[in-house]
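Same order as they appear, the protein sequences are chains A and B. So the first sequence is numbered by my numbering: it starts at 280 and just counts up by one. So the second sequence is numbered by my numbering: it starts at 932 and just counts up by one.
Warning: the hint list may mix true and false statements.
Calculated pairs, SDA-like style, for lysine to any residue (alpha carbon to alpha carbon, straight line, at most 25 Å) [claimed, not checked]:
1) B:K1095 to A:P454
2) B:K1095 to A:Q557
3) A:K529 to A:D589
4) B:K1095 to A:F542
5) B:K1095 to A:R412
6) A:K366 to B:E975
7) A:K559 to B:T1044
8) B:K1095 to A:T364
9) A:K559 to B:F1047
10) A:K366 to B:D1097
Keep in mind the hints are simulated off the structure, nothing from the lab.
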Amino acid sequence: MLIKTPDLIKPSEITDRQLYLNRRKFIRAGANLGIAGALLNTLTISGALAATKLSTVKNRDYSTDEELTPYDAITSYNNFYEFGTHKSDPSENAGKFQPQPWSVVVDGECMKPGTYSYEDIINPHQLEERIYRLRCVEAWSMVIPWVGIALADVLKRFEPTSEAKYVAFTTVMRPEEMPGLRRRVLDWPYREGLRIDEAMHPLTLLTVGLYGEVLPNQNGAPIRLVVPWKYGFKSIKSIVRIEFTRKQPKTSWNMSAPQEYGFYSNVNPEVDHPRWSQRKERRIGDFLKRETLMFNGYGEQVASLYRGMDLRKHY
Amino acid sequence: MTSRWSKPLLFLLCTIPFCVLVYNGFTNNLTANPIKEITHFTGEWALNFLLVTLSITPLRTLTRKNALIRFRRMLGLFAFFYACLHFSTYLVLDQFFDWDEIVRDVAKRPYITVGFTAFVLLIPLAVTSTNKMVQRLGNNWRRLHSLIYPIAVLVIFHYLWLVKADILPPVIYGLILCLLLALRSPRLKPGKRPVLRPT
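Generate coordinates for the entire structure from the input sequences, incorporating the hints supplied.
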């Protein structure tokens, strides 16, 4: 779907969902069969591309100029346990997932609670492209061109009260579309949370796309969080609930192993995971590991949030 | 089973995982993080072969096919082969001879400590697997090679302690190991234990 100007595209012009999901296969198959170029061009340009591309502006201030991780790596190497615990499971099992229509319940300490549709949340904003580093707690990293909106701009519209000290997020739970939910590897639904100042930080991105296109299901469609200075699991996927809370919310990995995953989970090379080192990371595509940077290299922007805190204690 | 082709055939079968790995390497089929994939793959196959090796004795008892013993050494050496691949993947591909980091890992990370210990303990077993060594060591050979039981236990803990949340696979491996050890109970053994002789 096109987010800025939905009226310009008639429903009849929008590519069939299955065709869109299999667009690469479809295009490849078409090319292999030698189907006349004219037909293929018409289909891809008027249909698939128009349907998936997002209109964005580049936010250079918040973007790294490091080499991008290839699209295929970003969309085939995922931790999204609702679709299975192997890295390839999400891309293999997320095909049945229906990210549209979508709505998000907003509640807790705010003046405008309610159920908001995807369009309610996203359409009033200009989408930005931001190229962020992503550091997984498993000591690998990527560079990803996300598409989204500063979370703060969205949250402000719900008018959080002065009682709102934290923001809690919940991932969708649809066992029939998400085979990983059949096993209680984690205490479903997946939950994450931020302190309100972290949530309101301009780097925190409510994300709807990557590489200029709508988010693939395995990457957390249709709405996910991206918090680039924290380990990847804080960037919760497929959000269905946003709650403003007074108390620090429960978070899934912390519930699963509190000694290993703290609420903050800021990228910190000085504080090892109890079972492995966090000093280095392997950038996907590289052979040699590189040093992990404090706050994943975003210290200049975010270190002040944690001034005076013992980051060994608040890992 | 006693055919002269059975051993070469088994040898070829045992190389299949390695061939699959090499093939996937050349066809770019080792995920976006190939080093981690190779580490997991070789580790899993070292464990598979370890358990297959440990299943020979109970299988002999249960099926009364003593000839199975002919294959045990080869299977054990393949367990060592995949363990070597696993360890060298860690040493070369993963850490690239970063000794500081490796020493820290072995000392501080329990899953690496036990995995490394298991690997080191496998070395004397591989070295003393020749006919000559069996003869020379006599009764001590058997004692030395019963190290395989603590090694197997260490390997299960190595696996269990490295997973993040999904402990099902190491638990299944652990249960299989328990079963294989339980099947060694003297009560299950009919009559005299067959004389151990390498082939």
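Do the hints match the structure? See the list:
{"no.": "1", "hint": "B:K1095 to A:P454", "result": "holds (22 Å)"}
{"no.": "2", "hint": "B:K1095 to A:Q557", "result": "holds (15 Å)"}
{"no.": "3", "hint": "A:K529 to A:D589", "result": "holds (20 Å)"}
{"no.": "4", "hint": "B:K1095 to A:F542", "result": "holds (17 Å)"}
{"no.": "5", "hint": "B:K1095 to A:R412", "result": "holds (22 Å)"}
{"no.": "6", "hint": "A:K366 to B:E975", "result": "holds (16 Å)"}
{"no.": "7", "hint": "A:K559 to B:T1044", "result": "holds (19 Å)"}
{"no.": "8", "hint": "B:K1095 to A:T364", "result": "holds (10 Å)"}
{"no.": "9", "hint": "A:K559 to B:F1047", "result": "holds (21 Å)"}
{"no.": "10", "hint": "A:K366 to B:D1097", "result": "holds (13 Å)"}
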